[in-house]
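Number of protein chains: 2
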Amino acid sequence: MLASVDGHAQPTKPPTSAEILAAAPAADWRVIDPENTLYLDLPTGRVVIELDPAFAPQHVANIKTLVREHYFDGLFIERAQDNYVVQWGDPDARKPLGSAKTGLPAEYSRKTAPGEAFTALPDPDTYAPQTGFEDGFAVARDPLRGETWLTHCYGAVGVGRDVPPDTGSGAELYAVIGNAPRGLDRNIALVGKVVQGIELLSVMPRGAAAMGFYDKPGQRIPIRQVRVAADVPAADQLRLEEMRTDSQSFAAWIGAKRNHTDPWFVEPVGRVEVCNVPVPVRTAK
Amino acid sequence: MLASVDGHAQPTKPPTSAEILAAAPAADWRVIDPENTLYLDLPTGRVVIELDPAFAPQHVANIKTLVREHYFDGLFIERAQDNYVVQWGDPDARKPLGSAKTGLPAEYSRKTAPGEAFTALPDPDTYAPQTGFEDGFAVARDPLRGETWLTHCYGAVGVGRDVPPDTGSGAELYAVIGNAPRGLDRNIALVGKVVQGIELLSVMPRGAAAMGFYDKPGQRIPIRQVRVAADVPAADQLRLEEMRTDSQSFAAWIGAKRNHTDPWFVEPVGRVEVCNVPVPVRTAK
Chain A
10 MLASVDGHAQ PTKPPTSAEI LAAAPAADWR VIDPENTLYL DLPTGRVVIE
60 LDPAFAPQHV ANIKTLVREH YFDGLFIERA QDNYVVQWGD PDARKPLGSA
110 KTGLPAEYSR KTAPGEAFTA LPDPDTYAPQ TGFEDGFAVA RDPLRGETWL
160 THCYGAVGVG RDVPPDTGSG AELYAVIGNA PRGLDRNIAL VGKVVQGIEL
210 LSVMPRGAAA MGFYDKPGQR IPIRQVRVAA DVPAADQLRL EEMRTDSQSF
260 AAWIGAKRNH TDPWFVEPVG RVEVCNVPVP VRTAK
Chain B
10 MLASVDGHAQ PTKPPTSAEI LAAAPAADWR VIDPENTLYL DLPTGRVVIE
60 LDPAFAPQHV ANIKTLVREH YFDGLFIERA QDNYVVQWGD PDARKPLGSA
110 KTGLPAEYSR KTAPGEAFTA LPDPDTYAPQ TGFEDGFAVA RDPLRGETWL
160 THCYGAVGVG RDVPPDTGSG AELYAVIGNA PRGLDRNIAL VGKVVQGIEL
210 LSVMPRGAAA MGFYDKPGQR IPIRQVRVAA DVPAADQLRL EEMRTDSQSF
260 AAWIGAKRNH TDPWFVEPVG RVEVCNVPVP VRTAK
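As given, the protein sequences belong to chains A and B, one line each in that order. With my numbering applied, the first sequence corresponds to residues 10 to 294, in that order. With my numbering applied, the second sequence corresponds to residues 10 to 294, in that order.
Hints may contain errors.
Copies of one chain are not kept apart here, so a pair can be met inside one copy or by any two copies together.
Under the rule of at most 25 Å between Cα atoms (straight-line distance), these lysine to any residue pairs were calculated in the SDA-like manner [stated by the list, open to error]: (1) K73 - G83; (2) K225 - G54; (3) K225 - R103; (4) K294 - P242; (5) K266 - P138; (6) K266 - P190; (7) K266 - P133; (8) K266 - Q139; (9) K266 - D132; (10) K225 - V212.
Just so you know, these hints were derived from the structure itself, not from any lab. Please read all numbers here as calculations on a predicted model, not as lab measurements.
Next up, chain A with everything else stripped away, as it sits in the complex (with noise of 0.2 Å):
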């Protein structure tokens, strides 16, 4: 890139990551819609929860029935295990899911549609044939099968399941709290990411039962109540914006993340991988 200054062309050094945030105009964020977040509330805090319907359409429907019907309210974290997930939901799996269904189908990746705002990563992964964003979200895409999927990054919420692939209702959910299981991609639904609070999370002491779940009834943590944002009074909402991952100064974020120009790095390295970029989020002004 070239600026012109006092006449001369010079180089110039590209944004920072600060400076691309503050720089971002109104337009480059989205509000986040009430009507697909969701406000875990925990003792320790708020967990901010973002659905994305266009993956997983039916277990995010189920997952607001359940919500709207405080199903989760007095329910529990029942699971932490180290560098994969926590989970909540009803660890004696007794409490009826109401007017929810029991059993969903596999959402797991949908058929990729002309004209999605897909915003493609240059560099090679290991998982997928391309990466990229969708919608504030990260994704994985196969071209040879025409099918796009949610990633389990850092933050991204799912639905547990048995064995068989259509039981899961969303009655259980999981957030991923180590290092991207990737593997899980296109093997269970997603259907949303933690936009605030996951440090809530990510501490929960882990469990010392197979995979992480408690084995004394009394280290559960339990949920105070989970609401959809759309239903609590305006003036309790949090106003969360995100920076829209079609926009320009998303292009630029994803550049600094691509290459540090900080003197901190010795090596630029000049290449990211989905997981590690974060999709900015903040407080509407």
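Fit chain B to the known structure of chain A by using the hints.
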């Protein structure tokens, strides 16, 4: 693979991870050298770190000098940044380093030597032309540059430094507790990895100050002591063994991590990223 059963050739199912561990002969395990093992003792328990002098010999030697002069005893876990690192050392950077050096050369990679016991992974990697394992450690390689380096996988332990590359001493150490920040590879000296007790570090409350430092001294977690395992009475040493990464058992282990034959998986995946292959560690029988 074909096995003859009742006179007929039949396909055999590849072994599961549990079967590989159970079947691995004694020769496929090596004792983790007590001379290259650190015990980091915290109020909540012991973190065991295996040092790798092959990649950063001067850093490892300096750390052992610091440990043997009891530098870390009474210092603190001072930083916990979510999805990144936990760091320990002297928050005030005042404690004298004794006979240890105050700055070391940038040992961030090494020349690839013929005859290294390198076990390659077959799958593409975002950050390096080649990845695999050497002597129990996850590594990456660039054949064109003829260099090999340790990778920033979950649990990797490295040496904090200031902006000039020769300012690391080992007095400030960090462990990775999030998605592998592989962009740090070749930018800072890695010296080893946590082989037991990483879950004591990963649950540390996240710090509220910039970069996850604790903003109040009272939040810091005191270090009881750090010892080289070889300096501890034999009866008090943990006898840990690690699967040899140049063994047939480890080749099978990689196979099990790449191809999921568990009926839960609807996609066998067929690929694995280097940081998603933990090297098995066990207590010696």
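Checked hints:
1. K73 - G83: within (17 Å within a copy, 50 Å between copies)
2. K225 - G54: Classified as both; 23 Å inside a copy, 20 Å across copies.
3. K225 - R103: Within one copy, since 18 Å is at most 25 Å while 44 Å is not.
4. K294 - P242: The answer is within: 19 Å in one copy meets 25 Å, while 61 Å across copies does not.
5. K266 - P138: both (20 Å within a copy, 19 Å between copies)
6. K266 - P190: The answer is both: 21 Å in one copy and 11 Å across copies each meet 25 Å.
7. K266 - P133: Cα proximity of K266 and P133: in one copy and across copies (15 Å, 20 Å).
8. K266 - Q139: both (18 Å within a copy, 21 Å between copies)
9. K266 - D132: both (12 Å within a copy, 23 Å between copies)
10. K225 - V212: Classified as both: same-chain Cα gap 18 Å, cross-chain 19 Å, threshold 25 Å.
Violated hints are absent here; each numbered hint is respected by the structure.
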